[in-house]
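2 protein chains.
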Amino acid sequence: MHKEFEIEPLWKVTRHLSQVARGAAVPDTVIRGVRPLCVFTEKILPESEVWISGGRIAAVVPAGSCTSDEAQFFEGAGAILAPGLVDAHLHIESSMVTACAYAEAALKNGTTTIFCDSHEIANVCDKEGIEWMLEDARMAALNIFLTIPSTVPATTPEFETAGGNLTPSKIGELFDAWPEAVALGEKMDFVAVASGDERAHAIIAESLRRGRPVCGHIYGRENVAAYAASGVTDTHEAVTAEIAEDLLRAGVWIFLRGGPPTTPWHSLPQAIRAVTDFGCSPKRVCLCTDDRDADDLFLFGMDWVAKEARRFGIPAPVAWSMGSLHAATRYAMDGEFGSLGAGRRADLVLTNDDGDVHATWLSGKLVIDGGHPTEVLERALQTPYRYPASAYQTVTLPNSPTLLPELPKTPCTANVIKIVTPGIETFHDRLAINPSGGWESLLTEHNLCHVAVIERHGIHGEVAHGLLQDFGITEGAVASTVGHDAHNLIVAGKNESDMKLAVETLRTSQGGVCVVRNGEILAHVPLPIAGLISDERATEVANKTSQLKLAWNEVGCQMPYMGFNLLPLSVIPNFRITDKGLVLVRNLKILPLFEDQTAG
Amino acid sequence: MHKEFEIEPLWKVTRHLSQVARGAAVPDTVIRGVRPLCVFTEKILPESEVWISGGRIAAVVPAGSCTSDEAQFFEGAGAILAPGLVDAHLHIESSMVTACAYAEAALKNGTTTIFCDSHEIANVCDKEGIEWMLEDARMAALNIFLTIPSTVPATTPEFETAGGNLTPSKIGELFDAWPEAVALGEKMDFVAVASGDERAHAIIAESLRRGRPVCGHIYGRENVAAYAASGVTDTHEAVTAEIAEDLLRAGVWIFLRGGPPTTPWHSLPQAIRAVTDFGCSPKRVCLCTDDRDADDLFLFGMDWVAKEARRFGIPAPVAWSMGSLHAATRYAMDGEFGSLGAGRRADLVLTNDDGDVHATWLSGKLVIDGGHPTEVLERALQTPYRYPASAYQTVTLPNSPTLLPELPKTPCTANVIKIVTPGIETFHDRLAINPSGGWESLLTEHNLCHVAVIERHGIHGEVAHGLLQDFGITEGAVASTVGHDAHNLIVAGKNESDMKLAVETLRTSQGGVCVVRNGEILAHVPLPIAGLISDERATEVANKTSQLKLAWNEVGCQMPYMGFNLLPLSVIPNFRITDKGLVLVRNLKILPLFEDQTAG
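Protein chains in written order, with our numbering: chain A, 10 to 609; chain B, 10 to 609.
There is no bait here: all hints are sound.
The list treats identical chains as interchangeable, and a pair is accepted whether it falls inside one copy or across any two copies.
The calculated lysine to any residue pairs, modelled on SDA-like cross-linking and capped at a C-alpha distance of 20 Å, are:
1. K52 <-> D363
2. K12 <-> E387
3. K21 <-> R219
4. K52 <-> A325
5. K136 <-> R219
6. K52 <-> T285
7. K52 <-> A250
Please keep in mind that the hints were generated in silico from the structure rather than gathered at the bench.
Build the full structure now, drawing on both the sequences and the hints.
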């Protein structure tokens, strides 16, 4: 927490706070003329005023109670005053900005506390990267807690090459060194966990033995029982109401993930039916954003997710409670965050009846007013954490990577990755191909493009080749050093020269995303920190990302940029590509690109 | 926890448990043919079976899933299988039994986890007494956690003389030495807390600085804001729906206290209206028993409280959830207790649709079957903790205490304690009296009896005298060394000689409760441990208590035995008697028994 917003721990101030609450001492700030949203009773209260002292809530009292002229008053004009939103699970790196920069967007959207999992930077820079980000978080104008990355690498060196390898002992060291580390992050290798994998359970043990909860990530229903029995107590991957109810029954908190409707991760509308249709209590249901690119970060924040929950049938106070108190409760931090309860941090949001955020307070200080950062926030944003030089040198590519596979000599079967937007899943298709017409006719005939993943951590520089079906790109190439989770460089395109330009562009910027066409760079978002993150302000990165998306569409890509980044994530169904080759996820098996070639 | 029921911590067994859950290893026990009560979704599920391994729940699976003949099967015959109840707040000493003995009654009533506050023994034996009881708890067949007594003595030496004085540093030492100490116990001096009293807040700080919650006890609405701002986050004293909603809004968990309807503490029916009538969410509402004498312990357990919640309009699965998961969540222990979630302790209860308990499992072992202890429980009950010799020598009375006050010589005003059953409150009445006819006519005319409180910790041996109006006793005397919270000896009666016999009876037994009449002891429950607790089995103590109550009624007492024990509790409204005199609670002021005496 940036020093501007640091406050005393509750145990040091209960005496003074009690005196403010009973009217024997004057509050610092009084927010009056507001209707408090009570996340405990799940009701919106009549017009009241909220007394703040030392950055904490002293009391919520009837309108007109404070008559002192020493307090600073803020007029709410009848609006709703709610607790700041608490994002139960996200990855800052997905937003391509630092933690310090992330704060601005979060606060604009009424989010004041986040639980982030820095497993992207961990996959590139190992434990050191996590510690940089924790230092970053300590200077941010936001309450930031870490769920320690649990699955780095996401699979094993046989299936992908990552820059990080978080062993159980490193995870234990992080827990012991960083009080912000409050849980183990999403244990993504759910098949390994359910199968009793030794390393996976040793990592879980590091968290449980310290009394820290274990966060989850699981697809499908068949592994739920074994996964939950492994000590995992939340997930943000429930994509149907049936799965959500299975998980709730097994004692797993559900984090409803709202994502921009054009992306593959807006699972909230389906999962929420466990409450609205099946009648499950919402008390163990939270909200989260998970991944947002820099552009979407401003448009689809937690405030939007809460509105989506309302749109799909949850009463407003319950939806806001899911988005605040419930997450704080899940992490056993509800004495400090997520409500207007006495003694809690004065992290507050002023909204209209539709849930639009007009103002945000952090530690009792107004940080967003009318949608804009106030002076105190501006000041904090201008003294961010600076990552060390080594964070800027992480893209080590082979000199002249071979970007296209060898063209088969005879008709054969190609194992292609079939894209079906807007889903996260990809599919495995066995395509009978006849290569006699060369690459161009082959790509056109089957609506294919090239894809290659280049190891970029300077370990062996290997390249894997594949073919994407229905990716949609009609010309040029796109490339990214954000290639979940190992973050090798992924490039896709229609021709070798554009693919090469895209790769070299990212080599020069030491990371980023770009779109090229006919030898021209149409858009480029440089991400020099770990090849994942910009060091610019969030608004700047959002602008560049917005331009990137235009170019992305211009060359015809049907799968959005963030879906593309997930193509190398070999824990998501069904058929993926890493630097080690084409991975059939369910069987954890590598397939060749071409097979059944007749003898030449 | 008795060694018979100790199990491995979850972090050591997740691998095996996951393998059981996915069917790759055989569960120890399968409870089949049951309808699981899911406290997460708040629904009763279709017929299923529950797999148990190593004392933990591995999975809840569809009926007929386990086909191995190596597992031990238990046939549920269509009954409901629910998590063991979790009592959010109670005092074991009120039940006049040891922790080891308490377990039997708790398990019969479906309670498997309790949060107890040993402030009675602390008031007699200070920190040492708490540590004895913690040792006792470690040998009990029950999950017992301590909320460290926070208010010992309940007021100050000016207002009562206690045997204990729990300073902030002693409380800190208890937190650091005993992992079972999970919270600070009810901070009863709510007026002092709300007024910013230094010692009260130093004690609160000891808990909060260790990340431990602070439990509360508050009457009335006017101090709620200041009390909540002091960091207190629960209370079991909400006696109306309005107070309950005030407290919920302020971020305070509500523990609905169910008490036998004939006693003064059945506040559940009123407070529950915050949910049923006012529409507050029940998610921050728990159930508790608080105080039960040995007799009522068997009849009015947590199962009965949960049934009361249903009777007053809460759906069955929600009521059971209030009585299990919610308390576990309040103490951030829901990863281990209070549900049928995977990995949780297999503390289970088999009930019919009315909520009657038929069987109880502790750590996966059947302990109650058809209402009776099983062999494994019997074994555990026969090897209880033994309190040390010094625990048996705590009643040190003056040699010949003066039991009656001096009869005034002229008409005057008497400050009498007016009893209004069945309330907890007593009232202050100023009675114009004419003593010319002597005590007998005076008592008869105004429906009075004598009451005296004798300091019994061997400190100064002072005696305070008072008069009770409408207590109802018609002959003889009653006495008790359980006199909340300082536990001085309280005796009430119609004549001096019976009062004396009652006192001497308790001196001889080193504590207890008795009823005497015309020189005969009608009933006597010896409580030799700290003058509060019997070392007999709960069923024995219950029998003796039941006989005591008959005698209690026989001599005409209208206020029940436990209400009588509260007469010296100077933090309950409105007019009380301690060894220091008659205390007007709201003003914390001592009044003389007689005033306005005309000059003789």
